[in-house]
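Student: If you want the building blocks of each chain, they are given just below.
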Amino acid sequence: MSFWEKVANIDRRWIYLLVAIAVFFPMIFIMQFPVELTPEAQQLYNAIDNLPNGSIVMLTFDYYPSTMAETRPMSIAALRHMFSKDMKVVTLSNIPLGGPTIAEDVTRSIAKEYGKEYGIDYVNLGYRANYTAVMHGLASSIESIFNADFTGTPLKDLPLMQKVKNYNDIRFILVVSDNATIDYWISIVNAQYGIPVGGGVTAVSAPKMYAFVEAGQLTGLLGGMKGAAEYEKLVGIKGTATRGMDSQSLVHFLIIFLVIAGNVAFFALRGREKGRVNG
Amino acid sequence: MRTTVPVIVAFLAGIAMVISFFFAPERTILGQFQENLLQWVTIVGGFTLVLGVFSIVRVNARAVSRRNDGWIYKLATVVSVFAMALPSMLPTSSSTTFGKIFYSIVPESWASAFGTNPGSIYDWLFNYLDSPMMETMFATLAFYIASAAYRAFRARSAEATLLLITACIVMLWRVPMGEAFLRLFSDNIPEYINAFVMKGFNMSVQRGIIIGAALGMASMSLRIILGIERTYMGKG
Amino acid sequence: MVESLTFWDHFEIWLRAYLILSLFSFLYKDNRFYKMSEHIFAGLSAGYYVGLIWQTVIIQQLINPMIDEGKYLLIIPGLLGVLMFARLIPKWSWVSRVSLAFVIGNTAGIYLINALHGLIFPQLYDTMGSLTKAKGFSGGLLALVVIIGVISTLIYFYFSKEHKGVLGVTARVGIWFIMIAFGAHFGYTVMGRISLLIGRAEFLFYDWGGSLRQLF
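For the protein sequence lines, the chains are L, D and S, in the order given. Using numbering that gives the first Met the number 0, the letters of the first sequence correspond one by one to residues 0 to 278. Using numbering that gives the first Met the number 0, the letters of the second sequence correspond one by one to residues 0 to 235. Using numbering that gives the first Met the number 0, the letters of the third sequence correspond one by one to residues 0 to 215.
Hints may contain errors.
Here's a subset of chain D near chain L, in silico, CB distances under 10 angstroms, partners left out [unchecked claim]:
#1 30
#2 34
#3 125
#4 129
#5 131
#6 134
#7 145
#8 157
#9 160
#10 163
#11 169
#12 182
#13 197
Capping the alpha-carbon separation at 27 angstroms, the derived lysine-lysine pairs in DSSO-like fashion look like this [as the list claims (entries may be wrong)]:
#14 132/S - 198/D
#15 28/S - 5/L
#16 70/S - 155/L
#17 198/D - 232/L
#18 111/L - 237/L
#19 198/D - 134/S
#20 70/S - 162/L
#21 99/D - 28/S
Please keep in mind that the hints were generated in silico from the structure rather than gathered at the bench. This structure is a prediction, so every number in the text was calculated from the model and none was measured. From the three backbone atoms N, C-alpha and C, an ideal C-beta is built for every residue, glycine too.
Use the sequences and the hints to build the structure in full.
Tutor: Here is the structure:
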């Protein structure tokens, strides 16, 4: 095998090892390049920050555990922002596999740090099936869809829910999502009921969301772990997303190197093949 | 009858939602009907999620009983289903009739272990087994994408080259180190990438796709409501 | 980051570390540790649905309202839900059609309005108005890019007519726009996948590493 053939056919497990090294290296040798803000993240932050203290907002946990590395830091930063402004937070999830449990876990742990009381400062509504019906149903009456919260406590026993009957009582909805549910929050809740919706999505979904941001249907956007790091910077915390940016940087450079190297090997072999055919 | 009744049900359920769009729900009887309809849909929709679980248990239990290849793994699947499901279905207090009977046998101090609340067996299994495994399964994709980047992403044509160059530029732009590298050439490069690549070329294509897909969604929905599209009913 | 951990904390960290490493071991070679973890994961995920639906639908939405509030009309959706299980018996699967039709018909009604009012109209409105909203030369140029991009993309995906003549040229322009957009999408996708790996790596380095340091 020639040099270029060896390069082109390298065992993929060596590539896996390189990726692993690139991920762990910055955890040992910390670099911490500054996280620059995008206008979309700033727009989302401003939208929430400009709300009066004590406003009632909704935070959705529309993501599976599989994407928590990107989305959980967004939820945590958002909750810190909202609780620091004494906002009342109503959470729910449209994801049947893990969503409501993640919502419960995250909100309770952050609320404890800010001395917030369940039922008065925040409520986790839990999950109901068929998210399009849920989104429509919340417009007329939250209690018609969620007669109890995630733990089974009737809404009439929760003081916060006496003030929140439907979308008219909610000032802003921040959707943290890793799937198409955000499309429906935008096209049903924002388009038909006029409630401002902000988005925190995984990197895979982020390119699509620009269309909604530009059309004014989405107020601000956090895209992937970088988006979460931007929001952490705006809120003034150094969370897991900020910490992961160095590893993200190094692996991106590695991937670009691999793309270039793979193509160089490809063209070198193709050139040799053409030379062999012609001569 | 087997087809006509479902078609009529689909029509009524669909047309109710379309008509209710034009009337404010709080001021009409139709609004109250819509509220009930939506509530019922969330209830019926919930049952569809459990259908798959029955299939999984049935298929795996059959493989275990026949001692097929790898039956020990299938047994682990079945045991895991019940380990998660059974404690979550048990009562969390003696306030109900079933609860009273249950807690006459079992100490009531065990109540926090049952149900789906924080601190229950269900919650623990999810947080310490299911969730980490789900995260890890998806994390392995990172290795595959790196391998694919090396072995499969080839600039075979002008279009493919454009795709790869754009991808590399965006990959640089989206990380702090990459952004610092781009700013070495010009301070405005990251802003230009955001403005022209993401909010220009990317956004226009995404918008075209959104509009096209929405047109397809609208036409399919109309076909379902009018009973032209019946594939959702299946055979039999 | 890690304060003094109890035995139970160590056990939970090591359990998660074992599961993560057993699943990652597949990258080297398929093995029994990976297979066992994978099958347990499938079972737990299925079991999660059961617990969630039992509590949120059966108890909270059916039993409690019927017994505590006398809402006996809820027996109808309850029955429709139970009829769904007829799908598991081939001879009786037709019975589940009514339940399916109810859910799908309702969803279709929502989707019809949602597609037109929530997606098509706002997106078209913003596209057509982009030139009037544009500020300065670069704004105008960007607006032109957007309009050309939207139109050429839609034409590229229009397969009912052969791409010849003006249609062919526009579709060709569309391909170039699509390549740039997909390149951007690929870049973001790489970012997304790497982020998930970083999440696991952070657990192994900080949490499991912390436990190792405390124990040894």
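Student: Take the hints in turn and mark each one as holding or not.
Tutor: Verification of the hints:
Interface hint status for residue 30/D: upheld, as the beta-carbon distance to the closest one in chain L is roughly 7 angstroms, under 10 angstroms. The criterion of a C-beta within 10 angstroms of any C-beta in chain L is met by residue 34/D, whose closest approach is roughly 5 angstroms, and the hint holds. The interface hint given for residue 125/D holds, since its Cβ lies 5 angstroms from the closest Cβ of chain L, which is under the 10 angstroms cut-off. This hint holds: residue 129/D has a C-beta 7 angstroms from the nearest C-beta of chain L, less than the 10 angstroms allowed.
Of the supplied interface hints, the one on residue 131/D holds, with its beta-carbon coming within about 8 angstroms of a beta-carbon of chain L, less than 10 angstroms. Look at residue 134/D: its Cβ gets to within about 6 angstroms of chain L, closer than 10 angstroms, so that hint holds up. Interface hint status for residue 145/D: upheld, as the beta-carbon distance to the closest one in chain L is roughly 5 angstroms, under 10 angstroms. Interface hint status for residue 157/D: violated, as the beta-carbon distance to the closest one in chain L is roughly 14 angstroms, over 10 angstroms.
Hint on residue 160/D holds. Least Cβ distance to chain L is approximately 9 angstroms, under the 10 angstroms limit. A distance limit of 10 angstroms between C-beta atoms decides the matter here; for residue 163/D the minimum to chain L is near 6 angstroms, and the interface restraint holds. The beta carbon of residue 169/D comes within 9 angstroms of a beta carbon in chain L, closer than 10 angstroms, and the hint placing it at the interface holds. For residue 182/D, the suggested interface contact is upheld, since its CB lies about 9 angstroms from the closest CB of chain L, less than 10 angstroms.
Look at residue 197/D: its Cβ gets to within about 6 angstroms of chain L, closer than 10 angstroms, so that hint holds up. Proposed proximity of residue 132/S and residue 198/D is supported: the alpha carbons are some 15 angstroms apart, at most 27 angstroms. The suggested pairing of residue 28/S with residue 5/L holds, with an alpha-carbon distance near 22 angstroms, which does not exceed 27 angstroms. The suggested pairing of residue 70/S with residue 155/L holds, with an alpha-carbon distance near 17 angstroms, which does not exceed 27 angstroms.
Between residue 198/D and residue 232/L the alpha-carbon distance is near 23 angstroms, which keeps this suggested pair within the 27 angstroms criterion. Pair hint residue 111/L plus residue 237/L holds up; C-alpha atoms about 19 angstroms apart against a cutoff of 27 angstroms. For the hint pairing residue 198/D with residue 134/S, the CA-to-CA distance comes to about 15 angstroms; that is within 27 angstroms, so the pair holds. Between residue 70/S and residue 162/L, the direct Cα distance comes to roughly 24 angstroms. Compliance with the 27 angstroms bound is thereby established for this hinted pair.
As the CA atoms of residue 99/D and residue 28/S are separated by approximately 52 angstroms, the hinted pair breaks the 27 angstroms bound.
When the structure is compared with the earlier hints, violations turn up for hints 8, 21 and for no others.
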